[in-house]
Amino acid sequence: MQEAPTKNQTGFDLKFGTYEQAKAMIGAKSEVIFSDVEVNVPMIKYYAAHLEDANPSYWDEDFATQAWGGVVSPPGMLMSWLMPLPWKPSGRGAAPLLATQVPLPGDTLINVSTETEFIRPIRAGERLNVTDEVADVTPEKQTRLGKGHFITTVATFRNEKGAVVAKNKNVMFRFSF
Amino acid sequence: MCTKRYAQRYFEDVQENEALPEVRLEVTYKRVIQDAAATLDYFPGHHDPEYAQAQGQKTVYLNTMCLQGFIDRVATDWAGPHTFIFKRKMTMARSVYAGDTMYGKGMVLKKYDHDGRHLVDIGIEVGNEEGVCCPASVTVELPSKNG
Numbered sequence: 001m002q003e004a005p006t007k008n009q010t011g012f013d014l015k016f017g018t019y020e021q022a023k024a025m026i027g028a029k030s031e032v033i034f035s036d037v038e039v040n041v042p043m044i045k046y047y048a049a050h051l052e053d054a055n056p057s058y059w060d061e062d063f064a065t066q067a068w069g070g071v072v073s074p075p076g077m078l079m080s081w082l083m084p085l086p087w088k089p090s091g092r093g094a095a096p097l098l099a100t101q102v103p104l105p106g107d108t109l110i111n112v113s114t115e116t117e118f119i120r121p122i123r124a125g126e127r128l129n130v131t132d133e134v135a136d137v138t139p140e141k142q143t144r145l146g147k148g149h150f151i152t153t154v155a156t157f158r159n160e161k162g163a164v165v166a167k168n169k170n171v172m173f174r175f176s177f
Numbered sequence: 178m179c180t181k182r183y184a185q186r187y188f189e190d191v192q193e194n195e196a197l198p199e200v201r202l203e204v205t206y207k208r209v210i211q212d213a214a215a216t217l218d219y220f221p222g223h224h225d226p227e228y229a230q231a232q233g234q235k236t237v238y239l240n241t242m243c244l245q246g247f248i249d250r251v252a253t254d255w256a257g258p259h260t261f262i263f264k265r266k267m268t269m270a271r272s273v274y275a276g277d278t279m280y281g282k283g284m285v286l287k288k289y290d291h292d293g294r295h296l297v298d299i300g301i302e303v304g305n306e307e308g309v310c311c312p313a314s315v316t317v318e319l320p321s322k323n324g
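Chains as they are written, first to last, in my numbering: chain A, 1 to 177; chain B, 178 to 324.
Derived from the structure by calculation, the hints contain no laboratory data.
Straight-line alpha carbon distances no greater than 30 Å define the calculated DSS-like cross-link-like pairs of lysine-lysine that follow: (1) Lys282(B) <-> Lys235(B); (2) Lys287(B) <-> Lys167(A); (3) Lys141(A) <-> Lys167(A); (4) Lys169(A) <-> Lys264(B); (5) Lys29(A) <-> Lys167(A); (6) Lys235(B) <-> Lys141(A); (7) Lys167(A) <-> Lys288(B); (8) Lys264(B) <-> Lys181(B); (9) Lys266(B) <-> Lys141(A); (10) Lys264(B) <-> Lys29(A); (11) Lys45(A) <-> Lys181(B); (12) Lys45(A) <-> Lys282(B); (13) Lys161(A) <-> Lys264(B); (14) Lys167(A) <-> Lys264(B); (15) Lys161(A) <-> Lys88(A).
For reference, chain A alone in the conformation it holds in the complex (with noise of 0.2 Å):
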């Protein structure tokens, strides 16, 4: 049963259709996604104030000089870097998220798991772009959200001299309310 999605306020251009819609999209790759700032220093301070983490590793750029070669990203940024801005002149720019582009019924989403391993450190100054892959997408289950399906990505996240620097596998449940 097919009823038009009025519903989606989520912030990105989810596309709708059916689990064998979804089901071709396994295998798809995103085209690079560039990132809309460079790894920097001031956004690594609010992030760090904002979860009261003292590392010197983003406060101290002596030591974090000495410690990594400069200011490093707390790990828990890697995706935030890809986040597109809020606005710009040129228009806003695409979510490095494939999952939100499998045609689905679901009006709404939630990421449940990632699996992330780091290469090396990302240091401020580096431009990140990344690839998404699909790697699976479940039947519909029911949980106590709701019905929906289990998206699972693989993203490759590289510098802007094609250094991989971290791969991240995540897992989000698209459902309805």
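Go by the hints and put chain B onto chain A.
What follows is chain B alone, placed relative to chain A:
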């Protein structure tokens, strides 16, 4: 050397089954909004209580990137700033809401050498007043006293 010294745990200092000190953080509405801004994540479940409730949640909840950073902080507060987060796995079984006090605690599961790297596996759990929200595991690389 002119840099300030910070306490660091070396690979040799680590004991298997050792408990990490608990870290706590008040999750106010302000912090949840701060989270959205700090991570550029404007998904409405993280700033709009009505939307979060329509999703079956109590109110706005912390996002993935915040929980990841908190998990990493549990590890690095204990181990020190020369710690490289090599791998992290986390599952959001339940949400952490505005109004909660979040805790993070951990235990050393295993220490071992791999490809010349000194690695420690740590089990970490993040929760609130009602119990575990986000079970996680982290593999960190630590410096060795033997270089």
